[in-house]
Each structure stands twice: as structure tokens, then as C-alpha cells.
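Undergrad: Here is what each chain is made of, one letter per residue.
Number of protein chains: 2
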Amino acid sequence: MIKIAIDCMGGDAGLPVTVPASVSFIKKYCDTSVFLVGSDDLIKSCLDKIHNVPFNRIEIIHSEESIGMNDSVDVALRKKKKSSMHLSAHSVKNKLADACISAGNTGAWMAISKYVLKTLEGIDRPAIAASIPNQTGKSTTILDLGANVDCSPENLLQFAMMGTALIKSIDGVINPSIGLLNVGSELIKGNSLTKSTFDLLSSSDLNFYGNVEGNDIFNGVVDIVVCDGFVGNIVLKSIEGLAKMFSVTMQEEFKKNLLSLFASIMAKPVLNNLKRRMDNRRYNGASLLGLKGVVFKSHGSADIVSFHYALRRTREAVLNGLINNISININR
Amino acid sequence: MIKIAIDCMGGDAGLPVTVPASVSFIKKYCDTSVFLVGSDDLIKSCLDKIHNVPFNRIEIIHSEESIGMNDSVDVALRKKKKSSMHLSAHSVKNKLADACISAGNTGAWMAISKYVLKTLEGIDRPAIAASIPNQTGKSTTILDLGANVDCSPENLLQFAMMGTALIKSIDGVINPSIGLLNVGSELIKGNSLTKSTFDLLSSSDLNFYGNVEGNDIFNGVVDIVVCDGFVGNIVLKSIEGLAKMFSVTMQEEFKKNLLSLFASIMAKPVLNNLKRRMDNRRYNGASLLGLKGVVFKSHGSADIVSFHYALRRTREAVLNGLINNISININR
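Line order of the protein sequences matches chains P and C.
If you read the first sequence in this note's numbering, its first letter stands for residue 195, the second for the next number, and so on.
If you read the second sequence in this note's numbering, its first letter stands for residue 195, the second for the next number, and so on.
The hints are simulated quantities; they were obtained by calculation from the structure and are not laboratory data.
Hints may be right or wrong, so weigh each one.
A pair counts as met if it fits within one copy or between any two copies, since identical chains are not told apart.
[To be verified] Computed cross-link-like contacts, DSSO-like style, restricted to lysine-lysine with a CA-CA straight-line distance of at most 30 angstroms: (1) K438 - K469; (2) K276 - K383; (3) K243 - K197; (4) K274 - K383; (5) K389 - K289; (6) K449 - K383; (7) K221 - K312; (8) K449 - K438; (9) K383 - K486; (10) K486 - K450; (11) K449 - K469; (12) K449 - K462.
Turn these sequences into a full structure, and let the hints steer you where they fit.
TA: Next up, the structure:
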């Protein structure tokens, strides 16, 4: 039985998303059970509204406080030690749960899980990895997405090793390829960080493809794209911004007048297919890699479907021994 | 009369795009004339295919060689001194033209124009600036987009000054706002470069808004986004990659079967409006800022419409005294 501790208080919507998603998740996977971490009363009132809840695979861990999106890392870490985030991470540390997940404040979640669980031996800095749908119908995994804004070449090498372990564990790719995010594909391209990292990656025994450019994230030329957290975070938010603009503009145009409204009805099956193919909800669930425990982060704006997918990824990581795979990759 | 030197040999399509676009441009603007720089024979044969060419405002500058997309900067700079790029830049240096433009190899074009024209007093490094349509229906200008992969805070301050002069000159915005591209909006966020730059920008007399995140490029919260060329280039290519994936996926879905094809016909006016609003061709024309002359760069994949727009931006920059505005901004 796999047990996942779920911070029910995190995310833009909070309990109305996390609780129903958790229930639908354990209904789908009979080998899983969950700790629902958060306000006891609120969780129970959410569960009351759901039919056929498998109560035998749910335990509630009551927490008196929760961490807000605007709480500083310092407040989250030191002032709110009874928060749902703290208790979720502790349940993994105490081996009561196999993994934990939150949709809350990313900085706080990284700081708390790092403080509680500690970093794996051989890892200098944990990293955040997420997958983005690409043109091949599969996905490209990028790391780091913001845990480390100033990185050394050694950090980036470790990110590549951890990314390899992640993709092996979650997507079952045997020897995933790695690209170094850069301003050109030629060997001599880049800033001082990428030039040194190129040499390190080339002489490693990882499946290093070479430099890749921003558009290669979507071409799907490599399984994993490695960059420092400053670049990764900005790229992720930029593409989220463009995707949102595209979606808003499309909706505006289709709602403009009666004729366009009629066109949208005609085009609905096509637009639904398009939405499904571009849907990044299927890839929700960023992994906080390098910790002594499986820790996942859902997008804050996740809906029930999206949070459900993040739970599936978390389960896959546990099932396929993510932490063990990282340790083997790092210490060989 | 404004005179623009046009490297006709550059770009993915070359002369079949640059020559017709140049002709349509001078037809639209009676105050402009052009040097068409490139192979004399090839330019003439292109002109032969166009009706009503205003030959009185066209002069051909014959060049024996041109620079390819795969030529190294070193080859472009030192081995091909008779290239159309070199001659275009020289016509500005010799005050025969007011501005020059190429759709060719960006690295080579920057190196050649910098070598021929030299940098303005007070500018340590030239930068590349381009505009991207945002959700407000206007555009956001980003720099640097790849001229400088390793930057100092002083470089970024100068980029902000040059960007301000550019937006004043081209878009007529009186006091354009500047955002520093970062991983969060809070003052303490960022890497060592952005933290120092934040202080410099805050104490400058520029209209500094503060830190902005990747998605703010599309929200239109500021007129100008400043970043180092490494980040800027990767962001630009990432969003180009996503936009391409979106367009390809949409076309595939609409061509899938008879029903979807019918839907695409019904939705055509809506899709055309959408295309027009998201169309980055209107914003083609990156500016190479900080040189002793107006130098523009068209996207390599530009079509005739797109190259025409780049010429319009070039003309605006000359008309509104871009170089003078930069000098005033830098030396005040």
C-alpha cells in the first residue's frame, strides 16, 4: 500500500480541489491510501459532499495553521511549525507516508521540505522539475524551475543526474537524453556557466545531447532540458503567459458576435481536441528533487483533474523508486 | 528624404522577400528612398517582375559576396569584407544612408555593424531590442535578446536607457515604464545580477516599475522589459517555439477530417481575426541599439508583409531621431 500525505490547504482553490481530487485518486488506485492534512472540520465537511468515499484508505491529520501564498519563507519555516505543509513533510520523515504533495506557496514548500527531510547525500542543492507537453505528443522535462537562482556547473550536472532518475522513474524512459538550455546549438555558445557545464556534461556518463535552444523545449529533441533556476522560472512563466494570452484572445474572438458564436459551436469538437492536446493539466505535478523523500508540488491554479494528475505522478515516483534511482545516479 | 540601405541577400527567402517589400515600402512612403544592396543581376531580375517600380528612389549597390546563416562571426567580419552586410553598414557610416537593415545572420550583422559603425559614447555594449504583442493590444519591448550573454548591472542600466529612447522614438510613448525581468516581483527576489541592477535602476531617473515576471511580458504591465541577452534570447525562442506548436496543432486539428474542415471554413473569419491579433509580423524589426547609426534586423523567416513592417520601424527610428535620443538619455 502506497501512502501519500496531501496538504489539503494549499493552492488557489484549496480544499474544494484537493479533497475531491484525493478521493477520485484513491478510488482509481486501490493500492493507495492518503493522509489528508489540514483543518479537520473543513476536510470532513468536504468529504461529506462526496459519494462513496473509501474511508478505510483515508486518515485526517489535523493542522491548526496553513501557509498563505504571501507568507515569506522565513515565516513559513519558523513561525508556522504546525502548518499543514510542516505536518505533511513530517509524515514522510517519520516514514508514515511514502510521499507528500502541496499546491501551496512554492518557496515555502521547498524550504519546509528541505528543512524537514534534508538533502540526499551527494546533492548540493535540490531542484524543481516539471514536464511540458511538446510537439511529439510527449513531454519535455525542465529543471531547475526556480529553486536556485545562482548555480554552479556542478549544480547543473547534479540537476541532469536527478532529471535522468526522474524520467526513468516516472516515464519509464531507459536512457533519457539531456539538453543544456543555451542561446545556440554550437559548442562555443553560451555564458560562462553553460560553457563550463557543457564540459562537465560531456565527460559524464549521462546521455548528453548537447546545447538546445528555447524552441527545442517544444520540438521534443531531448527528454530533459537543464538550466539554472533563474532562467527556468522565467521561461516557464513566459510560456504560461503566452498560453494564457492565446486562450483569452481565442475566447474573445469566438464570443464577439452571433456569427462567431455559431462558428464556435461548429468548431467545438476541433477546439476540444486542440485543448486536450495542449492541455498541461495532464503534466501537472512538479517534483522537488534531491530530498530524502518523494516531494511533489502541484500548480497553484490546479483544478480537480489537474491535482488528480499530480497525485498520479507522485504515486509513479514512489512505485518506481525515485529516491533510490537518484542516489544510484549521484553516487556511481 | 530618408534613405535606407537594405541588405537584399539576407533572410531565409532572400531577394524574393526583400526586394518586393522594399518596393512596396517606398511606394507607401514618398519621403523614402533605398539602396538595394546585393547581387546586381539578381536584384534587377527581381525588380523586373514588379509593376510600377519607383526607380527614381532606388539605387543598387552591387556586392560580390553575401554572408550565410552558418558563417561564423569571424568569417563574416574578416573574410567577407565585400559582403552585402558590410556595404550596407558602410553606406550608413559614410552618411550616404540614414539607416541599414538585414534579415541575415544576427551574430554576423551585430558584429559587422558594430565594427563598421562603432558604439556610441557612453555605451559599453550594444543590445538587441524587439517588440512582442501583448494582451492589451499593444506591445512589450524586450532587450537584450542575445547580443550579450554575460552582463553587468551597468550594462542592464544602459539597456534600460536605450530601450527608453527606442520606445520614445518609435512608439511615441513619452515616459515609457521599465520592468526588470526576474523570478518574482518582490524587491529581494533574483540572482546577484538582478539584485544589483534593481538598485541601479531604482536610483536612476528612468521610469522604473520594479521587478516583473515572465508572464508580465504578455500582461503589458510595462512598456520595456530589461534582461541579459542569455535570458532574453532563451525567452524569445521559447515563446516562438510555443507559438509555432500552437499554430501547427491547430492546423492539424482543423484538417483532421471532413467535419473539422467544414468547421474551419465556418470559423475562418474568427481564426483570421485571431491570427491578426496574435500576428507578430506587425512587430517585425529588432533594433541594434547603441551604435553610431540606425541599424535594424528583420526576423530571418520574414515574408514580404513582415519585412515591410521592419522597414516601417526603421523609418520611424530615423524620423524621430533615435540615435540622438539615446545619446541624450545616456549622457544626461
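Undergrad: Which earlier hints turn out false for this structure, listed by number in ascending order?
TA: Hints 5, 6, 7 and 10 are the ones this structure does not satisfy, whereas the remaining hints hold.
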